[in-house]
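Those protein sequence lines, which keep their order, are chains V and B. For what it's worth, my numbering labels the leading residue of the first sequence as 15, then goes sequentially. For what it's worth, my numbering labels the leading residue of the second sequence as 8, then goes sequentially.
The set of hints was computed from the structure by calculation and includes no laboratory data. Note that the structure is predicted; figures quoted are calculated from it, not measured. Among the hints, erroneous ones may be present.
Incomplete in silico selection of chain V near chain B, CB under 7 Å [unchecked claim]:
1) Ser530
2) Asp638
3) Asp661
4) Glu664
Partner residues are not named here, just some residues of chain V that face chain B (Cβ under 7 Å, in silico) [as the list claims (entries may be wrong)]:
5) Ile604
6) Thr643
7) Asp660
8) Pro662
9) Ser663
10) Phe665
Between beta-carbon pairs, the in silico distance windows are [what the hints assert, rightly or not]:
11) Gly239(V) - Glu124(B): 55 to 65 Å
12) Thr227(V) - Ala23(B): 45 to 55 Å
13) Asp582(V) - Gly112(B): 43 to 53 Å
14) Val578(V) - His22(B): 21 to 31 Å
15) Val12(B) - Ala491(V): 47 to 57 Å
16) Val51(B) - Leu667(V): 21 to 31 Å
17) Gly239(V) - His85(B): 55 to 65 Å
18) Pro74(B) - Ser19(V): 49 to 59 Å
19) Ala110(V) - His14(B): 58 to 68 Å
20) Val12(B) - Lys87(V): 52 to 62 Å
21) Ala23(B) - Pro617(V): 27 to 37 Å
22) His22(B) - Val330(V): 48 to 58 Å
23) Pro92(V) - His22(B): 55 to 65 Å
Note that CB positions come from ideal geometry on N, CA and C, so glycine has one too.
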Amino acid sequence: MRTVSDILVRQQRFVDRYDEAVTLLRRLPGVLSVGVGARERGGEIVPELAFRVYVAAKVDAARLPPSHRVPPKVCGLPTDVLVKPDIHLIANWDSAKYRPLQGGTQVRNDKFEGDNTRGAGTIGCLAQMSDGSIVALTAQHIACAGTPYAVGAGSGGGTGFACVGVKAGQPRHITCCCCCTFNEIGAVLRAENTAQLDCATIKLDPDIASEVTSAGTLNQVLDIGILTGVAQAVCFSEVRKRGAATGLTRGTVVDVLFEGSQILINPLVAFPKFADYGDSGAVIVDAAGKVVGLLHGADRATGTRGVANHIGPVLVATGITIAGDAGAGLGIPASSCGSSSSGPVGPPPSSSSSSTVSRSSSSRISSSSSQSRVASSSSSARSSSSSSSRSSSSSFTCPTVMPSVDPSDPRTHLIPSTLGAAGAIHFCTARGAGNMVLRAAIAPDVPDASITWEAIGGAITSPGVGADRHTAKISRAAATHLQVRIRINGVICRRCHVWVVSATGSVTARRPIAPSVNAARTHITAGFDFSFAIQPPTIISTAPGADIPDLRGANTNPPPNVSVGDLDVPNSANSLAGGANHKWDVSRRIRWRVNNPAGLVDPTAGDFWVSHLNYPSDAVVGNDDAGATDETNDPYANGGNITSKDDPSEFLLQALGVNGNTFDERNHFGEFARVELDGHWYSISDYYNWRVHFEFIKAAGAWANNGSVVAEDNAGF
Amino acid sequence: MEHQVQHQEMIAKLHATDHRSAQEAVQFFVAHRMPAPLIERLKVGGNDVRVAAVKGLAAIGDKSALPAIADLLEAERHPVRGSEQATMHKILKETALLTASHLAGETLDVKDVNDEEQILAAVRRIRAKHRPA
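Construct the complete structure from the given sequences, taking the supplied hints into account.
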């Protein structure tokens, strides 16, 4: 267990079975919650992963009846019983003023007064909104400290804290007399306090923001340096934070699913504690300078550990980017194709008694602070599931379930994750007619009636083939991303991702008909630039840790040539292998018709003057695409888009013909996008049809433009 | 010796019909700051590779490439027929003009790359900039 990727692979095995393990373990009396992380022996971290089973107090196993003992393994993976840390909010002090503003410094809103530390926390880092404005990121319970929590006070009029617009200062907001303020940096823009989040942003005042921009401290955190982006928290990894209270401290990530959605961090030996009052809002930074979490709590029992939100949901909730990184694909670790938001294990919660059970159990682990509401909500979902699954599947253990593409569906392909073996299972198909058909191999097999397929984000139908419920089908009529779950006896036993990919084309530049005449020839040209946006957009991401199908890089097979037998097609005898240089590709088909009533002959014209040539019969063939220099085919470097340009051209030599002769050449095109899936090429867009009709007439001894046309259609062939 | 073998392999790749091999060879010669094979590659067809070779010469930044780029522009000054062929040909001329401007340290004012007279004027300026001492 030496490399991060190795740990991620092992960690994913636990995450894959997490929901199932929670279902089993929460049945045991005394089990408060379950996490995934490091095993501990005598308070020391050992380099082994385990389901961390949190209890209120440890009891000698010999004193417990066998049915009440935590088994050494669940779902074939080891467990570790730990006393649950009691979380308290950290909110205290620091006093230095930092200008230009940067992360790691104290912040306090205008609800507090005086030269004390009440209500103070930390600006984790500075970040940017999509409009480029600069905000400070901190914890909600810091930004909203001292504001009322009431019905109608939250965003959109819902229940919440009335703190949007509340002024904040660094190190603390000071109001003097009736009109003067000191240290003000901005006002609260967004604040979220949910089951998984405790985060807020403060929009910087223009003068503070300008100072940050000029000084280049946008991505700077005191004592840490320049942030490089965001990433997923990884078990055993060393992280650091700079908080207003305890300064720079370092720790080890020991649980990435603490309370089902949080990061738990132990301090390294050199640090008596990882965090304390006043550090709330600090960002958790990994060795590469990437933010993995947002600190909001500390462990009350030991007074040393830190608890943080995963950074992915924070970015989504606040709409910010850190060091230019939007963290696409980052989230709370989830089983190989789901997310924690995809719901609890077991049958869909319908038991009305479950909420009562969860509230009573969570109250034992929480104080009356706002954080206790968070913990309560979080446990509620888990308890709900265990409660309801208890009655329906009390002794059920998942068999091995492995989804694959049904042989009846040759157009769907299993594509490796960008995270390799640590990533989820991804099936990809191109948008088109018919259905994607999946099949679940189950060992030992189970009766059809016990198998249920469900999809988050769209529809799935089972059976997909005949009456076989081992199969399911999904329409490929439109681009989509679905999280598919396969339940056996109501328990989620396998998840996977399904992607139907397409692209939407548009014109980004138009070049009108441009004739030019010289003594030798008359030349006419026109052209377009095209852009195709890959759909769904989430399939393209450069965020570290993004778990998406790996369709990056060069194509493995060349795109196809014109089919044998397609004789009256331009370029039917030429290689089109150079037409793609990536797995994503913009291509073009071409047909033309020539009307040459004067019988002009130009030996250099070749096929261009053949009277009538058709489009290729195969939709994926780009018979006007033998090179890639006129394309940008890497959507990962181009915001999810791939582009092309074309400037068709025709000329007539002045030596040809006599006055009054005409020449008409109609070039028609279909610009389209295609993708290579597991070595197979598929068209993924409608044709963006366009045309150029070159019209010449000879007059006064020279060829002239005779009303040539460029248009975005295929009319008039 | 090993380097020489690799060099020969890359020369072969530079002239291969497989565009990807040719692009790899261009990268090799850019990385080793060897303009001569790229200058030679400008004299044969395959506009995909020629564009890459011209960009490679720009990256190396060796002014000795200027005469070869002038030769290329002079030879390719006429427009060509077609769709992608015409586009690639236009890109080749645009890239060559940009590279020549970069190497010569002056802007070569060509508003229309299909205008043979403008191209010839640019060629004259390039040659003047690299007149033998």
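Check your understanding: Taking 48 to 58 Å as the hint, is the beta-carbon distance of His22(B) and Val330(V) inside that range?
Key -> With a Cβ separation near 51 Å, His22(B) and Val330(V) satisfy 48 to 58 Å, so the hint holds.
Review point. Given a hinted range of 55 to 65 Å, is it respected by the beta-carbon distance of Pro92(V) and His22(B)?
Key: Because 60 Å falls inside the window, the suggested range holds.
Check your understanding: Range hint 21 to 31 Å: satisfied by the CB atoms of Val578(V) and His22(B)?
Key -> Roughly 29 Å apart at Cβ, these two residues keep to the hinted range, so it holds.
Point to revise | Restraint outcome when Ser663(V) is required to lie within 7 Å of chain B by C-beta distance | key: holds, 4 Å
Practice item. Go ahead and decide if the range 58 to 68 Å is satisfied by the Cβ distance of Ala110(V) to His14(B). Key: For Ala110(V) and His14(B) the Cβ distance comes to about 60 Å; the hint holds.
**Study point:** When the least beta-carbon distance from Asp638(V) to chain B is tested against 7 Å, hint result
**Key:** holds, 5 Å
Practice item. Given the range 43 to 53 Å, decide if the beta-carbon distance of Asp582(V) to Gly112(B) lies inside it. Key: holds, 52 Å
Practice item. Have a go at the Thr643(V) hint: is there a Cβ in chain B nearer than 7 Å to its own Cβ? Key: holds, 5 Å
Review point. So does Thr227(V) sit 45 to 55 Å from Ala23(B), Cβ to Cβ?
Key: holds, 49 Å
Exercise for review: Verify the interface restraint on Glu664(V): the C-beta must sit less than 7 Å from at least one C-beta of chain B.
Suggested key: Holds, because the Cβ-Cβ distance from Glu664(V) to chain B comes to roughly 6 Å (cut-off 7 Å).
Check your understanding: Has the hinted range 52 to 62 Å been met by the Cβ atoms of Val12(B) and Lys87(V)?
Key -> Roughly 56 Å apart at Cβ, these two residues keep to the hinted range, so it holds.
Review point. Is the hint on Phe665(V) kept, meaning its closest Cβ partner in chain B is under 7 Å away?
Key: Status holds, d = 6 Å.
The structure agrees with every numbered hint stated previously.
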